[in-house]
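Build the full structure now, drawing on both the sequences and the hints.
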Amino acid sequence: MPDTARPAPTPVRVPLVTETIGMWQSLRTMRRNVLAVIPEAATRLPIVSGKTGKRWHMVMDPGALRQMLLDRLDDYPKSVVTKALLRPAVGESIFIAEGADWRWQRRTAAPVFTHRNMMNLSPIMTRAAERCADRIGAAGPRAVNLLDEMVTTTFDVITDVTFSSGDAFDRSAVHRAIDDYIAEAGKISLFDILGAPDWVPRPGRMVSGKAMRDTKALADRAIEARAAQPQTDMPDLLDLLMAGADPESGRKMTTAELRDNLLTFIVAGHETTALTLAWSMYLVAFDADVQDRARAEAQSVLQGRAATGDDVEHLPFIRQIIDEALRLYPPAGIVSRTAMAHDTLCGTAIRPGDTCMIPIYALHRSKLLWDDPDSFVPDRFADRKSIDRYAYLPFGDGPRICIGASFALQEAVIILATVLSRFRFAPVPGKVPDPVMILTLRPEGGVWLNATPA
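Quick note on numbering that gives the first Met the number 0: the sequence shown kicks off at 0 and runs consecutively.
Everything labelled a hint here was simulated from the structure, so no lab data went into it.
Some hints here could point you the wrong way.
[Unchecked claim] Below are the DSS-like pairs computed for lysine-lysine, each with C-alpha atoms no more than 30 Å apart in a straight line:
#  : residue 1 : residue 2
1  : K50       : K215
2  : K384      : K366
3  : K366      : K50
4  : K82       : K251
5  : K77       : K50
6  : K77       : K384
7  : K82       : K50
8  : K53       : K82
9  : K251      : K215
10 : K251      : K50
11 : K251      : K77
This is how it looks when you write it as structure tokens:
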């Protein structure tokens, strides 16, 4: 239960819409911050509907969300807008694919993310956490942008677990291409709002298309080079995917399929975890009592060393902080589906072609589902069974739940525990991050904190 002994702190939040806005204003707003078009009513109602070019529904009711994500999964595929935004970067990967194509890819990739494999990869996370702590320490008494630090750290992790060997993979080039794509191509286009087909040019996406094409060619060469190498004793993500096969058909991934899925894991695996950690750092600096409690836990378990995979289960409060950061600032703050059949959600008629959005940002701040929803209260996750499964969706749910969720949570706990055990963090006056979502919910302006040895 939330701590009622003192007022819970209220960190930064997105101002939601309190009046109806038209299509052109919606477009301008979304190009600046997608979440800013969510009506405030979405935090008070189970469903909100409207029309902006086409009929849309925002769904916040756990029962209706279960219907969309589990019971009638095939009737609610990812929306055309979502696919148009991400296809240039991740192709027809497991994230984009639907139906039978998605199912065989999921069956092939699922064994890669077993607990055993995640534990085998945890030393890479530990080493990255150690390097992160060293960089923070070397920065001296100056303020440190923890967003930049966490992006660097998680990119180190994902590239090490993806391509642990082989100099053919130019990490810096991939990092630049991904950042450019997120910055430019992710901006919502009027063509997307109107439902125009993929072949209609989107000017913003054309700017960054060449960098992603070059990155795909780079990844293809790295995959082909790995295929010619002998198997290592400790396989990385690429080795595991190359060795995998659909247990039903025996089908293995082609080079293009391997590349698209690897780029999916690289884009999602570093961006979302980095943002979760950056927001976690903002929150623990915002609430000194929570930070002190987390540090005491980390120091008691770690005794001066970096955290390992074996430590994760012994760091429950660190995990609660991460869970609460994911509630307040879910990396995918809103996801979209296209209805393919007639249905009824919360008493509202759904027609084929309707856009059905899950505004996860609003769901996680619903006054119907959460006590004091805008406040930072990690103890609300002390008893996970008390939380409705479909009220908390940082990784989605149902058969299409994020395949890398356990990987991301393990990595986040290892890095956050290591850093908090060694440093005290305090906010820099005048440097408050602004929650802005284009493709993901980023702390615009960075997370600037003063770090001193603990």
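Structure-based check of each hint:
{"no.": "1", "hint": "K50 / K215", "verdict": "violated (38 Å)"}
{"no.": "2", "hint": "K384 / K366", "verdict": "holds (19 Å)"}
{"no.": "3", "hint": "K366 / K50", "verdict": "holds (25 Å)"}
{"no.": "4", "hint": "K82 / K251", "verdict": "holds (24 Å)"}
{"no.": "5", "hint": "K77 / K50", "verdict": "holds (19 Å)"}
{"no.": "6", "hint": "K77 / K384", "verdict": "holds (29 Å)"}
{"no.": "7", "hint": "K82 / K50", "verdict": "holds (21 Å)"}
{"no.": "8", "hint": "K53 / K82", "verdict": "holds (17 Å)"}
{"no.": "9", "hint": "K251 / K215", "verdict": "holds (19 Å)"}
{"no.": "10", "hint": "K251 / K50", "verdict": "violated (43 Å)"}
{"no.": "11", "hint": "K251 / K77", "verdict": "holds (24 Å)"}
Going through the hint list in order, the structure does not satisfy hints 1 and 10.
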